[in-house]
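Line by line, the protein sequences give chains P and W. The numbering of the first sequence is the working numbering, which starts it at 15 and goes up by one. The numbering of the second sequence is the working numbering, which starts it at 437 and goes up by one.
It is worth saying that the hints were derived from the structure and are not from the lab. No experiment lies behind these values; they were computed from the predicted model shown. Treat the hints loosely; a few may be bogus.
Here are a few chain P residues that face chain W, going by a calculated C-beta distance under 7 Å [as the list claims (entries may be wrong)]:
| no. | residue |
| --- | --- |
| 1 | S94 |
| 2 | A97 |
| 3 | E99 |
| 4 | G102 |
| 5 | S104 |
In this text, a Cβ means the ideal position worked out from N, Cα and C, and glycines have one as well.
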Amino acid sequence: MAITIATDVYVAINGVVLSDHVTKVTTADSRAKKDITCFGATNITYGKGLGDATVSVSFLQDFAAAKVHATLQPLISSSSTFAVEIRGTSSGRSATNPAYLISALLFDYPMIDAGVGEPSAVTVEFANGSQTGVTYPTA
Amino acid sequence: MTVKKGAGLKVSKPDGSDVEEIAPEPLPRGHPNRYRVLLPLVVSLEEGSYAQGEEFTHQFTPEDEWENLNSGLLLLLPNRYEAIGSCDLMPSLMELNPPEVSATDPQRERVEPGGFFEAAVPLAREEQLIYHIRYIPQQEK
């Protein structure tokens with residue numbers, strides 16, 4: 015597959031497609047790096063600890079009914095997880111367009127983050143909320 | 437004056453004494469849903485007892501429903517919804533365990549505003565999606 019220029023990244027928050035209000039997405043899928051070096055060792059050795067996942071999404075804020083604010087605001091007051099799905103393009107899931115999928119929780123919601131004359135934009139981080147962690151479904 | 441119970445008003449007797457405050461009754465949240473028992477346990481409710489594989493209709497609180505679905509005790513059967521917002525929706529992502537749900541079934545793919553779909557959306561998620569989806573009761577289907 016060719017190198018991808020990000021012009022059509024797909025973002026669905028809790029089943030709501032908000033791609034047309036997103037300017038930047040950063041996904042993370044990590045494992046804690048644990049030092050397991052013991053006496054007598056000649057090199058520091060690391061082992062993998064617990065997994066973690068976050069998705070950072072920058073939105074252009076929109077207070078219209080059923081847009082960005084109406085989607086995010088109920089999530090900050092809810093303790094139930096919700097799905098966040100990211101894909102390289104808006105085409106369906108496939109081997110060449112895999113999804114990044116987590117059951118997430120939202121812990122911070124900065125409703126407005128804007129300066130004079132600047133677009134009202136907000137960046138939110140969705141944190142992993144289940145033991146499933148990240149999956150990369152292709153179908 | 438007739439005071440409806442739960443109106444959240446203060447009421448005085450005709451002589452002006454003994455003011456009584458009526459606390460508002462919380463509005464019921466959610467609606468009855470239909471469930472199937474998944475685990476080899478008997479689920480006992482006011483309306484009856486149900487064994488593994490049996491189905492029943494009951495109105496849980498969103499929190500109780502979420503716990504019962506997450507534990508694997510119950511399976512939520514799909515309801516019908518209308519997409520009332522202005523964004524496209526992916527109904528399969530609204531279900532309990534979206535990573536396990538395949539979105540390849542075209543019937544369940546992207547729904548445009550004004551469209552209708554069937555999905556097993558937990559009550560807690562319905563509350564999260566209050567601006568996006570409208571539950572359609574059985575009699576309206």
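Hint by hint, here is what the structure shows:
no. : hint : in the structure
1   : S94  : holds, 4 Å
2   : A97  : holds, 4 Å
3   : E99  : holds, 6 Å
4   : G102 : violated, 15 Å
5   : S104 : violated, 9 Å
The structure is inconsistent with the numbered hints 4, 5, although it conforms to all the rest.
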